[in-house]
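Following the hints, complete the assembly by docking chain B onto the known chain A.
Below, each chain spelled out in residue letters.
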Amino acid sequence: MLAYVGRRALLAVFTVWAISVLSFVIIQLPPGDYVTSYIAQMASMGSVVSDEEAQALRIQYGLGQPIYVQYLKWMKQVVVGNFGMSMEWRRPVTEVIGERLWMTVIVSVAALLLTWTLALPIGIYSAVRQYSPGDYVATFIGFIGLAVPNFLLALVLLYLGFVFFSAHIGGLFSPELQDAPWSFERAWDLAKHLPIPALILGLAGTAQQVRIMRANLLDELRKPYVVTARAKGLSELRTILKYPVRMALNPFASTIGYTLPYIVSGSIIVSLVLGLPTVGPLLLKALIAQDMFLAGTIVLLLGLMTVIGTLISDILLVWIDPRIRLEQT
Amino acid sequence: MATTPDVVVDPAAAPPLETARPPGEARIFVASQWQLMWWRFRKHKIALVSGVVVLGFYLVVVGADFLAYADPDASEAQRSLMPPQRVHLFDGGRLAPYVHGVKGVRDPQTFKRVYRPDPDRKVRLRFFVRGFEYRFLGLIPTTRHLIGVAGSEADKSIFLLGTDVQGRDLWSRLMFGTRISLTIGLFGVTLSLVLGVILGGISGFYGGVTDTVIQRTIEILRSIPTIPLWMGLAAAMPRDWTILQVYFAITIIISLLGWTELARVVRGRFLAMREEDFVVSARLVGCTQMRTIFIHMVPSFMSHIIAATTLALPAMIISETALSFLGLGLRPPAISWGVLLQQAQNVQTVAISPWLMLPAAPVIVAVMAFNFLGDGLRDAADPYGR
Numbered sequence: 001m002l003a004y005v006g007r008r009a010l011l012a013v014f015t016v017w018a019i020s021v022l023s024f025v026i027i028q029l030p031p032g033d034y035v036t037s038y039i040a041q042m043a044s045m046g047s048v049v050s051d052e053e054a055q056a057l058r059i060q061y062g063l064g065q066p067i068y069v070q071y072l073k074w075m076k077q078v079v080v081g082n083f084g085m086s087m088e089w090r091r092p093v094t095e096v097i098g099e100r101l102w103m104t105v106i107v108s109v110a111a112l113l114l115t116w117t118l119a120l121p122i123g124i125y126s127a128v129r130q131y132s133p134g135d136y137v138a139t140f141i142g143f144i145g146l147a148v149p150n151f152l153l154a155l156v157l158l159y160l161g162f163v164f165f166s167a168h169i170g171g172l173f174s175p176e177l178q179d180a181p182w183s184f185e186r187a188w189d190l191a192k193h194l195p196i197p198a199l200i201l202g203l204a205g206t207a208q209q210v211r212i213m214r215a216n217l218l219d220e221l222r223k224p225y226v227v228t229a230r231a232k233g234l235s236e237l238r239t240i241l242k243y244p245v246r247m248a249l250n251p252f253a254s255t256i257g258y259t260l261p262y263i264v265s266g267s268i269i270v271s272l273v274l275g276l277p278t279v280g281p282l283l284l285k286a287l288i289a290q291d292m293f294l295a296g297t298i299v300l301l302l303g304l305m306t307v308i309g310t311l312i313s314d315i316l317l318v319w320i321d322p323r324i325r326l327e328q329t
Numbered sequence: 001m002a003t004t005p006d007v008v009v010d011p012a013a014a015p016p017l018e019t020a021r022p023p024g025e026a027r028i029f030v031a032s033q034w035q036l037m038w039w040r041f042r043k044h045k046i047a048l049v050s051g052v053v054v055l056g057f058y059l060v061v062v063g064a065d066f067l068a069y070a071d072p073d074a075s076e077a078q079r080s081l082m083p084p085q086r087v088h089l090f091d092g093g094r095l096a097p098y099v100h101g102v103k104g105v106r107d108p109q110t111f112k113r114v115y116r117p118d119p120d121r122k123v124r125l126r127f128f129v130r131g132f133e134y135r136f137l138g139l140i141p142t143t144r145h146l147i148g149v150a151g152s153e154a155d156k157s158i159f160l161l162g163t164d165v166q167g168r169d170l171w172s173r174l175m176f177g178t179r180i181s182l183t184i185g186l187f188g189v190t191l192s193l194v195l196g197v198i199l200g201g202i203s204g205f206y207g208g209v210t211d212t213v214i215q216r217t218i219e220i221l222r223s224i225p226t227i228p229l230w231m232g233l234a235a236a237m238p239r240d241w242t243i244l245q246v247y248f249a250i251t252i253i254i255s256l257l258g259w260t261e262l263a264r265v266v267r268g269r270f271l272a273m274r275e276e277d278f279v280v281s282a283r284l285v286g287c288t289q290m291r292t293i294f295i296h297m298v299p300s301f302m303s304h305i306i307a308a309t310t311l312a313l314p315a316m317i318i319s320e321t322a323l324s325f326l327g328l329g330l331r332p333p334a335i336s337w338g339v340l341l342q343q344a345q346n347v348q349t350v351a352i353s354p355w356l357m358l359p360a361a362p363v364i365v366a367v368m369a370f371n372f373l374g375d376g377l378r379d380a381a382d383p384y385g386r
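Chains as they are written, first to last, in this note's numbering: chain A, 1 to 329; chain B, 1 to 386.
Extracted from the complex, chain B is given alone in its bound form:
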């Protein structure tokens, strides 16, 4: 079958394109597929904004240690459960952000530690100052941080979002938590994508018995309540695994059940495209099956896959958060949104220190942003439609 095609299309021999068109329309006719998609995506304003938000989140992932000003693991009983500080932007009409120093006192009645802002002490916030040492992007050793305090150590004087029971700074922990929660979602979705494309592709390309078996498997997987199953799998992880091992195990667990939707999308595309002229001709000129699939078919539904992947990400983030929240996912000393929320499990704690619920905010914002972005991408994925 593998002979060279005997018909060679010469682009010069093709009939000349009509040129007498209004300029706006002509632009559309010569635009590439990706350009058309971008034009359509641009119209969906909320999706555009969400795209920026998502980008912002991943910038936090990259620069978590730059944005954090305190060592996320540095605990100190003297600073336990401090409330968030109010940031004063102006000082005497001049833009000079500062926070008030904090005094810890023991309540004479309850013997609990309470914190009061000290109005006489102003702690000025400085930018790009030295703090704890880290490696930027894991390579460049540096001590620069976005926020800090001149002269003294940041983790002793500023607590923008308060501290947890062990006196660790919540803002800094949130930055590191974002890194783990969002990358786990990304790896999970990549793994699901690989599974989904392979199984969905096989299902849609070959059809017949293979298709039936894969479709029934998907149906079965989808009718099982996922959380009990995840809990079972996660509980099976040995207690003495390292953070890295747990991290990858959780990624695998959440993607094992997350591939079904992607497989469905891919299969649908394959079925729709199998009989298309360009696929038939690719087969007729003797392309191998692999070539037909990866060179001719996959690029034409790449955009659909990207959209479906974006829509699958929120579920991954929620799963990780839920599992860690239950204590079955990532475990301290690892930091993720779910691990941070674990401290807010009990109403009594939350009623006294409501700021412990703050890590819920990035979860909700991220999930919403991914949903809107995916929505916009899905609409833009087929620019030739209505």
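Extracted from the complex, chain A is given alone in its bound form:
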């Protein structure tokens, strides 16, 4: 088991490295650099940046050096937790991102938890009562969930909320608590605002998990050991929950690795629609302004987040399914 987890951890480290290179390269791709866009920005406001000034800025940010030197310099700082300066905000990247990263984590984890708490019972119900009206309703909602892109769902809900309740359902905090220091009241406010974004982000995942759970459980329910359990006189609930559900849970856990990147990805665009204080809107602005350290750091941290999530799901899988433990050692 240790060997298996070790191998997965090694792959995770490798993935993080690949993400760091990718994010850095992407940020470097656009022609010109931050100084060019800074000059353009200044020019649009009517002031002119002299050549000497531009040169000084380039030297200050180390923009003239070859890309790999810039990358190594950046990585050296990242390892000790210093992500560099945001050129647009003139503040350290960590400070700019600040709370927003945690909000991204909170929203994503909430969506993931919601996915599970909804998908597990619905999936079991759909399989046990196959072809019942409830099963059809679940299947239908599932298909809608898969087909509607989450940002469109956010847009429609926002519109419905506006028309029927004349309320703005976006955001994660009430306006008066937006910038307040953390308190019990603020945390409660956050908890009240979380369900809508979590539902929007989790719907597609839920639909997929219900289908997987239903298919797996249907396969398991037909196996002889279920008949044996019934013949032994176990109650129906116990028969289903104790054996087939446990077997069917296995692929359920292994898909977290794919569900999480999807949710994190979705959170970026949904945040823009709903106006959530996550890293999403920040990333869009940073990319447009070519604020490379900020954008690079956000892509890197989001990647890190999903890699950690995937690693946890791998470990969970080994814990749930003893066969993997035996096979791999």
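Rather than coming from a laboratory, the hints here were simulated on the basis of the structure. Being a predicted model, the structure only gives us computed values, none of them experimental. Glycine included, C-beta positions come from ideal geometry on N, C-alpha and C. Don't take every hint at face value.
A partial selection of chain A residues facing chain B, derived with a Cβ cut-off under 10 Å [as the list claims (entries may be wrong)]:
#, residue
1, T15
2, L22
3, G161
4, T306
Frame of chain A; chain B shown alone:
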């Protein structure tokens, strides 16, 4: 190795097929693989309907300029944000579709332009009438359009789905948007398919270290959140690129990350088939590797590839829409579903003119249709199974 096989199978020498079978069963025994697939696919009614819907969408792609009645780029401040018109099908018991003319008035309180239907003016809808000039299929110059108004210019009098802020007709823009959104998906999926088949094929055929490297790469690509990555790549496009350049760049970006699932399917098929008798014998009679793969192996899992491709298309459509919606994908003057939805980004606008959200409908319908069709194709792909 490349010698001619010394055993020649003579079809006449083969034992005669049993003929004493019930007629229905006999039909199944002599049917070709594709015929069996069609029979199985036919049973999946929703997939069949979805197939028709998909076909309909591609007919719109082909005939977008025929279906549009107004120039999609003709803007006019006087017609800004008009609501959709109600189409009256019958006029005095006779089938004669018409819409009421529209009067633009300024609200004396808010100074906003509001539009009221003019009950005295009936604008009759005509079919196959002359409108703006275009080239059908890009070749035949013509001015015929499906819908229009006799006598006057269509873009001044009918607004079936309303207009946008710049007063451009939404119906006509939607038709052109469909063309771009669906072809971008098609090109994207083709590119993914090429990448997926090559890399998945290599991975499954050779195995060993190559397989491990490709599989780990796929795993890494799949564990990266795609939207930030796309955003990064799309933001890297120079601002002064032409529509065509952006179009191809977006296609490449969405297919770069979309090939992994296809590669997985192809690899799985290769692994399953590598040890099959017909592949081994093809190798033994001295077929080159290329011949073994493309003449013997690929046709036998073609159907699986088609199904996987259909299932990959919705993701492509959503990606393009999402990127354009963010303003990082296609940019106006290009028209796509995502570009059209960009106008619906803000709640205030949408609350006043909800018809701007209409382009969401074809996105959802197309994605659903492709999903069901792919589902049906996947079930039919292996007609010899249960």
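How the hints compare with the structure:
1. T15: holds (5 Å)
2. L22: Hint on L22 (chain A): holds, closest Cβ of chain B at ~7 Å, below 10 Å.
3. G161: holds (9 Å)
4. T306: Given a least distance of 6 Å, the restraint on T306 (chain A) holds.
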